[in-house]
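Using the hints, position chain B against chain A.
There are 2 protein chains.
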Amino acid sequence: MGVVVSLDEGKKGEASVKPLVDLTAADMARVNELILSKAGSDVEMIPEIANHLISSGGKRLRPMITLAAARMFGYSGDGHIKLATSVEFMHTATLLHDDVVDESDMRRGKQTARMVWGNQASVLVGDFLLGQAFRMMVEVGSLKALDILATAASVIAEGEVWQLAAAKNLETTEDEYLAVIKAKTAALFSAAAEVGPVIAQAGRAEQAALRSYGTNLGLAFQLIDDALDYGGNARDLGKNTGDDFREGKVTLPVILSYRRGTAAERAFWKTAIEDGVNDDAALDKAMGLMTRYNAIGETISRARHFGNIAADALAPLGDTPQRDAMLEVIDFCISRVN
Amino acid sequence: MGVVVSLDEGKKGEASVKPLVDLTAADMARVNELILSKAGSDVEMIPEIANHLISSGGKRLRPMITLAAARMFGYSGDGHIKLATSVEFMHTATLLHDDVVDESDMRRGKQTARMVWGNQASVLVGDFLLGQAFRMMVEVGSLKALDILATAASVIAEGEVWQLAAAKNLETTEDEYLAVIKAKTAALFSAAAEVGPVIAQAGRAEQAALRSYGTNLGLAFQLIDDALDYGGNARDLGKNTGDDFREGKVTLPVILSYRRGTAAERAFWKTAIEDGVNDDAALDKAMGLMTRYNAIGETISRARHFGNIAADALAPLGDTPQRDAMLEVIDFCISRVN
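Line by line, the protein sequences are chains A and B. So for the first sequence, our numbering puts the first residue at 995; every next one is plus one. So for the second sequence, our numbering puts the first residue at 995; every next one is plus one.
Pulled out of the complex, with its shape left as it was, chain A reads as follows (with noise of 0.2 Å):
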């Protein structure tokens, strides 16, 4: 059995994602292929914007998830190339579409493709990619990948659309942020997981045990964004410091914050969040808010509660490599705070 390294406190920082990596090399480099090959068009904007972003960085975490999940039940065809892909460009559309319902100027370290090419080419860009992505879904031929990876496109999109309804309200409970990422964030992660065993026609308990470990591992991923939004430093992240604040986002640590504050901290919070008074000073004070009510350090415990929830929907199946590289990943993601 390979190295599973334990989710305590103690033993931070010496996860890593390169075991996925290593063991999905030879199939990424066919969803490499894949991806420029279907980004393609006449249209020269298209693959200018897709590459863009698809060669920004990312760390393709969701394709590999589709592809050893695929593998660890010995699926050997070559549908898995395809939803994997397919689950690539679906996160590609959504970033698009993000870009522009959030405004954003930069991500990771990158100026937006909103910003370079304009709102409207996002938009049709992120729509010609969720059409693609379909169209290589049906050409693997599973009603059952389908239908797991159509419900996830509906289920981020009613997500982000509460996230926006919800919008600078300070009276967002956990519960509710809770709900919003697993729409937003995990039911990519979830669906990714579940689609390998679904496509190598494995039985339904290791299904779930993927969907569980792609929901919670997505859950803890989300929440470490949201600490590192506080927390990072902008070289390494790509993004600066307090993006999420001076956009006005209502996040876990935000909400622990808030909760856990002084009425006179709360009435902060309103001028900062709902008045968008988000200057250096403000995230200053907001910050100091932050380590007062240990907001980041709860907010990381939550990501390993989750984390823990999806090493043990892997623990009943059997030893693979996969597996193993799998459950280092959810440790790495949380590692990533450190």
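Simulated from the structure, these hints should not be mistaken for lab results. Don't be surprised by glycine CBs; every beta carbon is placed ideally from N, CA and C. It cannot be assumed that every hint is accurate.
Just a few of them, taken from the derived set where beta-carbon distance is under 7 Å, the chain B residues facing chain A [stated by the list, open to error]:
1) N1026
2) L1028
3) L1030
4) V1037
5) V1095
6) V1117
7) D1121
8) L1137
9) A1151
10) V1155
11) W1156
12) G1236
A partial selection of chain B residues facing chain A, derived with a Cβ cut-off under 10 Å [what the hints assert, rightly or not]:
13) E1038
14) I1043
15) H1091
16) L1118
17) L1123
18) F1128
19) M1131
20) T1145
21) A1159
22) A1160
23) D1269
24) D1273
Label-pair ranges, simulated between beta-carbon atoms [as the list claims (entries may be wrong)]:
25) A:K1264 with B:G1112: 41 to 49 Å
26) B:P1310 with A:P1315: 57 to 65 Å
27) B:E1038 with A:V1271: 23 to 31 Å
28) A:G1071 with B:K1162: 46 to 54 Å
29) A:E1170 with B:A1261: 57 to 65 Å
30) A:G1270 with B:M1109: 20 to 28 Å
31) A:D1099 with B:R1286: 41 to 49 Å
32) A:R1253 with B:D1016: 53 to 61 Å
33) A:A1309 with B:G1112: 43 to 51 Å
34) A:D1273 with B:T1167: 48 to 56 Å
35) B:A1019 with A:A1173: 39 to 47 Å
Below, chain B alone, put in the same frame as chain A:
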């Protein structure tokens, strides 16, 4: 055999969509129920926006075509209800995104969703409806129908990007323009028609006939729309005459006037379309030039050309009320211009 209205110029204005409406009334009642149910969400903004568009008086030509195209070949299941609803959702999603891309204020005499709820919500609710459309298609379980509709989704988006990239380019040829509208408008009509024989398990010839009908009807429909934008009146159309002009859209009436014009007139078009000098005086001048070169009349002739191809596509099919109603719809689409 029902009334097949001649497409000759002499018989304009007699055709009606009523036979198609009557034939599909019972099925459309089920489509309307499914629309309401599948546009439902606990996130209130979703049904609000969806219903704003869905209830705003569109003719629902595309879903009626799907229903008639399935019944025409004796289809007796209920997959056509779901496919017709999917087609309408794809159309609605496209409208939501189009209005954002075109920065449109009005559609069918009402404020656009983006004016009421914002661009962000319009993008995301469009994504949600597209996801719901794919889920319904998956429920029907026909991989062939899924392939046709997923391909259409991708082609439509590609056409829109193409149009955006070629925006305000007066050197666009008629051929290039036709390729754009074939993708952005005709592809959905084509798919809407083609999935009928597909789920009814009709033959390849029947499938090809309906695809050709849809494509050519869609081309005619868009060209008449282009003509109407310079010739209708605001109250009837729910949009203002000259909207395309003010948005700098290079449609066929502009292409023909530009290509047939003098050097001085071409300079006027450059100023109007490329430099955005498009006030009422410029619009008057543009419409004067269109009259001089019969650009509206020729656009309508082009539409009639495609209408004739659509009619001939259905000609060899058996004599059914659906076929007759679909033939009459061609002339109805063209007669809107009178």
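Here's how the hints hold up against the structure:
1. A distance limit of 7 Å between C-beta atoms decides the matter here; for N1026 (chain B) the minimum to chain A is near 20 Å, and the interface restraint is violated.
2. About 15 Å separates the beta-carbon of L1028 (chain B) from the nearest beta-carbon of chain A, more than 7 Å, and the hint is not met.
3. With 7 Å as the threshold, the beta carbon of L1030 (chain B) stays out of range of chain A, its nearest partner Cβ sitting at about 16 Å, so the hint is violated.
4. A hinted interface residue such as V1037 (chain B) counts as satisfied when its beta carbon comes closer than 7 Å to some beta carbon of chain A; here the least separation is about 4 Å, so the hint holds.
5. Interface hint at V1095 (chain B): satisfied, since its Cβ lies 4 Å from the closest Cβ of chain A, which is below the 7 Å cut-off.
6. Hint status for V1117 (chain B): holds, given a least beta-carbon distance of 5 Å to chain A, under 7 Å.
7. The interface hint given for D1121 (chain B) is met, as the beta carbon of that residue sits about 4 Å from the closest beta carbon of chain A, less than 7 Å.
8. Proximity of L1137 (chain B) to chain A holds as hinted, the smallest CB-CB distance being about 6 Å (cut-off 7 Å).
9. Taking 7 Å as the C-beta cut-off, the interface hint given for A1151 (chain B) holds, the closest approach to chain A being about 4 Å.
10. Interface hint status for V1155 (chain B): upheld, as the beta-carbon distance to the closest one in chain A is roughly 5 Å, under 7 Å.
11. Because the smallest distance between the Cβ of W1156 (chain B) and any Cβ of chain A comes to about 4 Å, under 7 Å, the interface hint for this residue holds.
12. Violation of the interface hint for G1236 (chain B) is found here, the shortest Cβ-Cβ separation to chain A being roughly 21 Å, above the 7 Å cut-off.
13. Interface hint status for E1038 (chain B): upheld, as the beta-carbon distance to the closest one in chain A is roughly 7 Å, under 10 Å.
14. Because the beta carbon of I1043 (chain B) sits about 9 Å from the nearest beta carbon in chain A, less than 10 Å, this interface hint is met.
15. Interface hint at H1091 (chain B): satisfied, since its Cβ lies 5 Å from the closest Cβ of chain A, which is below the 10 Å cut-off.
16. Interface restraint check for L1118 (chain B): the shortest CB-CB distance to chain A comes to about 5 Å, inside 10 Å, so the restraint holds.
17. Proximity of L1123 (chain B) to chain A holds as hinted, the smallest CB-CB distance being about 8 Å (cut-off 10 Å).
18. For F1128 (chain B), the interface hint holds, since its Cβ comes within 10 Å of a Cβ in chain A; the closest pair sits about 4 Å apart.
19. Here the hint on M1131 (chain B) is kept, as its CB sits about 8 Å from the closest CB of chain A, short of 10 Å.
20. Interface restraint check: T1145 (chain B) against chain A, minimum CB-CB distance 6 Å, threshold 10 Å, status holds.
21. For A1159 (chain B), the suggested interface contact is upheld, since its CB lies about 5 Å from the closest CB of chain A, less than 10 Å.
22. The restraint placing A1160 (chain B) at the interface with chain A holds, with a minimum CB-CB distance near 9 Å, inside the 10 Å limit.
23. Interface restraint check: D1269 (chain B) against chain A, minimum CB-CB distance 19 Å, threshold 10 Å, status violated.
24. Taken as an interface hint, D1273 (chain B) does not check out: its beta carbon lies about 24 Å from the nearest beta carbon of chain A, beyond 10 Å.
25. Between K1264 (chain A) and G1112 (chain B) the beta carbon distance is about 22 Å. The supplied range of 41 to 49 Å is therefore violated.
26. Between P1310 (chain B) and P1315 (chain A) the C-beta distance comes to about 60 Å, which sits within the given range of 57 to 65 Å.
27. Taking the beta carbon of each, E1038 (chain B) and V1271 (chain A) are about 29 Å apart, inside 23 to 31 Å as hinted.
28. A hinted range of 46 to 54 Å for the beta carbons of G1071 (chain A) and K1162 (chain B) is consistent with their spacing of about 47 Å.
29. Checked against the hint of 57 to 65 Å, the C-beta distance between E1170 (chain A) and A1261 (chain B) comes to roughly 59 Å, which is consistent with it.
30. G1270 (chain A) and M1109 (chain B) have their C-beta atoms about 22 Å apart, which keeps the hinted 20 to 28 Å range intact.
31. Here the CB-CB span from D1099 (chain A) to R1286 (chain B) is close to 48 Å, well matched to the stated 41 to 49 Å.
32. A hinted range of 53 to 61 Å for the beta carbons of R1253 (chain A) and D1016 (chain B) is consistent with their spacing of about 59 Å.
33. Restraint check, A1309 (chain A) to G1112 (chain B): a C-beta distance of roughly 45 Å satisfies the suggested window 43 to 51 Å.
34. Checked against the hint of 48 to 56 Å, the C-beta distance between D1273 (chain A) and T1167 (chain B) comes to roughly 53 Å, which is consistent with it.
35. Checked against the given bound of 39 to 47 Å, the beta carbons of A1019 (chain B) and A1173 (chain A), roughly 40 Å apart, stay inside it.
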